[in-house]
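K.L.:
No gaps in the numbering here: position 129 of the sequence shown is 139 in the numbering used here, and each next residue is one more.
A few of these clues could be false.
Derived pair list, reagent style DSSO-like, types lysine-lysine, alpha-carbon separation capped at 30 Å [stated by the list, open to error]: (1) Lys208 / Lys110; (2) Lys61 / Lys234; (3) Lys110 / Lys210; (4) Lys334 / Lys34; (5) Lys140 / Lys61; (6) Lys268 / Lys212; (7) Lys80 / Lys140; (8) Lys140 / Lys298; (9) Lys234 / Lys80; (10) Lys268 / Lys298; (11) Lys234 / Lys298; (12) Lys140 / Lys210; (13) Lys234 / Lys110; (14) Lys80 / Lys59; (15) Lys310 / Lys34; (16) Lys125 / Lys210; (17) Lys140 / Lys296; (18) Lys310 / Lys234; (19) Lys80 / Lys61; (20) Lys61 / Lys34; (21) Lys334 / Lys208; (22) Lys210 / Lys314; (23) Lys212 / Lys120; (24) Lys34 / Lys120; (25) Lys212 / Lys59; (26) Lys296 / Lys234; (27) Lys208 / Lys314; (28) Lys328 / Lys212; (29) Lys314 / Lys334; (30) Lys209 / Lys328; (31) Lys120 / Lys110; (32) Lys210 / Lys120; (33) Lys298 / Lys208; (34) Lys314 / Lys212.
None of these hints come from the bench; they were simulated from the model.
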Amino acid sequence: MILVTGADGFIGSHLVETLVRSGKQVRAFVLYNSFNSWGWLDQCSDDVKGKFEIFSGDIRDPNGVRSAMKGCESVLHLAALIAIPYSYHSPDTYIDTNIKGTLNVLQAAKDLNIKRVIVTSTSEVYGTAKFVPITEDHPLQGQSPYSASKIGADQLAMSFYHSFETPVTIIRPFNTYGPRQSARAIIPTIITQIAQGKKKIKLGSVHPTRDFNYVSDTVRGFLKILDSNQSIGEVINIGSNFEVSVGETVQLISEIMKTEITIESDDARIRPSGSEVERLWASNEKAKNLVGWAPEYGGKDGFKRGLAETIQWFTNPKNLSSYKSDIYNI
Numbered sequence: 011m012i013l014v015t016g017a018d019g020f021i022g023s024h025l026v027e028t029l030v031r032s033g034k035q036v037r038a039f040v041l042y043n044s045f046n047s048w049g050w051l052d053q054c055s056d057d058v059k060g061k062f063e064i065f066s067g068d069i070r071d072p073n074g075v076r077s078a079m080k081g082c083e084s085v086l087h088l089a090a091l092i093a094i095p096y097s098y099h100s101p102d103t104y105i106d107t108n109i110k111g112t113l114n115v116l117q118a119a120k121d122l123n124i125k126r127v128i129v130t131s132t133s134e135v136y137g138t139a140k141f142v143p144i145t146e147d148h149p150l151q152g153q154s155p156y157s158a159s160k161i162g163a164d165q166l167a168m169s170f171y172h173s174f175e176t177p178v179t180i181i182r183p184f185n186t187y188g189p190r191q192s193a194r195a196i197i198p199t200i201i202t203q204i205a206q207g208k209k210k211i212k213l214g215s216v217h218p219t220r221d222f223n224y225v226s227d228t229v230r231g232f233l234k235i236l237d238s239n240q241s242i243g244e245v246i247n248i249g250s251n252f253e254v255s256v257g258e259t260v261q262l263i264s265e266i267m268k269t270e271i272t273i274e275s276d277d278a279r280i281r282p283s284g285s286e287v288e289r290l291w292a293s294n295e296k297a298k299n300l301v302g303w304a305p306e307y308g309g310k311d312g313f314k315r316g317l318a319e320t321i322q323w324f325t326n327p328k329n330l331s332s333y334k335s336d337i338y339n340i
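Work out the full structure, taking the sequences as your base and the hints as a guide.
P.N.:
Right, here's the structure in full:
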């Protein structure tokens, strides 16, 4: 049995579907709520519906986390608060969810003798690149409360590996995108505004660069790491090794959607200057050499293919209706 925390979210729901299709027994940990919503798993593909367990709980609750992990061999820990702007005014919730939540997983894994624990990190822990491409040895820089909380979670995870030999691996995906992503992220922000007929697109800074990773590539990264004992005790980047600016990304999306647009700067969307991560570009050599992972959507051509698939999903009226493109989602 494999437990996936954050299974109701963007990457987590895709991961659950892929695991089920590969024949794995999956327990999906979703955030308890009075609506009995399973997040994106409510809209999972028909071929996986009813073929996984649901555990409703809260990653901040140690007893619930321990109960969810009983009987599991592996834990893929994705549950987290990830919106950077929200971390500016509610940092305490990021400490509780991202650091204490990860501690709950690690403590239970140690006590229950879980065989594999994969903790999900983020490229944001590197901050603005001091050198490129960014390897796993790059310094960690907490340029937002969010990134600081993820650095804390990563360090806790490695401390359990060194102190107790807990079989931990840290997966560090760069900017994942694709169907189901929150509109707080840049690519869905652009697509949903254009899909709603807007000609002036409200954005924050467009000069920073990112290394975008299509969601199926990120999911394959999890599976490759899960299948490799060599990855235990390691931090592994999952990135496309392709750097592109936000401005060029806007241009590519508008070309694919056959729309001419102008960009309107929105002060509310601009990060404080010291907090903005100006440059991200992943080295994926370690992932290739250690676990045999390489992006299927790499380079500019791969990025355009991934954008086209993402646009196709978002422009489906049923999917688009789930998004509020007329407001700023933090």
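K.L.:
Now tell me, hint by hint, if it's right for this structure.
P.N.:
Okay, the hints, checked on the actual structure:
1. Our distance criterion of 30 Å between C-alpha atoms is broken by Lys208 and Lys110, whose separation comes to about 41 Å.
2. For a cut-off of 30 Å, the pair hint linking Lys61 to Lys234 stands: about 22 Å separates their Cα positions.
3. Taking the CA atoms of Lys110 and Lys210, the gap is near 41 Å; set against the 30 Å cutoff, the hint is violated.
4. Under the criterion of a C-alpha separation no larger than 30 Å, the hint pairing Lys334 with Lys34 is inconsistent with the structure, at around 35 Å.
5. For a cut-off of 30 Å, the pair hint linking Lys140 to Lys61 is broken: about 45 Å separates their Cα positions.
6. With a C-alpha separation of about 18 Å, the suggested pairing of Lys268 with Lys212 holds against the 30 Å cut-off.
7. Among the hinted pairs, Lys80 with Lys140 is inconsistent with the structure: their alpha-carbon atoms are about 42 Å apart, more than 30 Å.
8. A hinted pair counts as satisfied when its Cα atoms are at most 30 Å apart, and Lys140 with Lys298 qualifies at roughly 23 Å.
9. Between Lys234 and Lys80, the direct Cα distance comes to roughly 24 Å. Compliance with the 30 Å bound is thereby established for this hinted pair.
10. Only pairs whose Cα atoms come within 30 Å are accepted, and Lys268 paired with Lys298 is rejected, the gap being roughly 36 Å.
11. At roughly 10 Å between alpha-carbon atoms, Lys234 and Lys298 fall within 30 Å of each other, so this suggested pair holds.
12. Proximity of Lys140 to Lys210 is assessed by CA-CA distance (about 34 Å); at most 30 Å being required, the pair is judged violated.
13. For a cut-off of 30 Å, the pair hint linking Lys234 to Lys110 stands: about 27 Å separates their Cα positions.
14. Restraint check for Lys80 and Lys59: the C-alpha separation of about 23 Å stays at or below 30 Å, so the hint holds.
15. As the CA atoms of Lys310 and Lys34 are separated by approximately 33 Å, the hinted pair breaks the 30 Å bound.
16. Using a Cα cut-off of 30 Å, the hinted pair Lys125 and Lys210 is violated, with the two alpha carbons roughly 51 Å apart.
17. For a cut-off of 30 Å, the pair hint linking Lys140 to Lys296 stands: about 19 Å separates their Cα positions.
18. For the hint pairing Lys310 with Lys234, the CA-to-CA distance comes to about 24 Å; that is within 30 Å, so the pair holds.
19. Taking the CA atoms of Lys80 and Lys61, the gap is near 19 Å; set against the 30 Å cutoff, the hint holds.
20. Distance restraint check for Lys61 and Lys34: the Cα-Cα separation of roughly 10 Å lies within the 30 Å cut-off, and the hinted pair is therefore satisfied.
21. With a C-alpha separation of about 13 Å, the suggested pairing of Lys334 with Lys208 holds against the 30 Å cut-off.
22. Only pairs whose Cα atoms come within 30 Å are accepted, and Lys210 paired with Lys314 is accepted, the gap being roughly 22 Å.
23. A threshold of 30 Å between alpha carbons decides the hint, and for Lys212 with Lys120 the separation of about 47 Å lies outside it, so the pair is violated.
24. The suggested pairing of Lys34 with Lys120 holds, with an alpha-carbon distance near 23 Å, which does not exceed 30 Å.
25. The straight-line distance between the Cα atoms of Lys212 and Lys59 is roughly 37 Å, outside the 30 Å bound, and the hint therefore fails.
26. Under the criterion of a C-alpha separation no larger than 30 Å, the hint pairing Lys296 with Lys234 is consistent with the structure, at around 12 Å.
27. Our distance criterion of 30 Å between C-alpha atoms is met by Lys208 and Lys314, whose separation comes to about 22 Å.
28. A C-alpha spacing of about 23 Å is found between Lys328 and Lys212, which places the hinted pair at or below 30 Å, so the restraint holds.
29. Between the alpha carbons of Lys314 and Lys334 the distance comes to roughly 25 Å, so the proposed pair stays at or under 30 Å and holds.
30. A distance of roughly 22 Å separates the Cα atoms of Lys209 and Lys328; the hinted pair therefore holds under the 30 Å criterion.
31. Using a Cα cut-off of 30 Å, the hinted pair Lys120 and Lys110 holds, with the two alpha carbons roughly 15 Å apart.
32. Between Lys210 and Lys120 the alpha-carbon distance is near 52 Å, which puts this suggested pair outside the 30 Å criterion.
33. Between Lys298 and Lys208, the direct Cα distance comes to roughly 41 Å. Violation of the 30 Å bound is thereby established for this hinted pair.
34. Of the supplied pair hints, the one linking Lys314 and Lys212 holds, its CA atoms being roughly 22 Å apart against a limit of 30 Å.
Comparing the model with each numbered hint stated earlier shows that hints 1, 3, 4, 5, 7, 10, 12, 15, 16, 23, 25, 32 and 33 do not hold.
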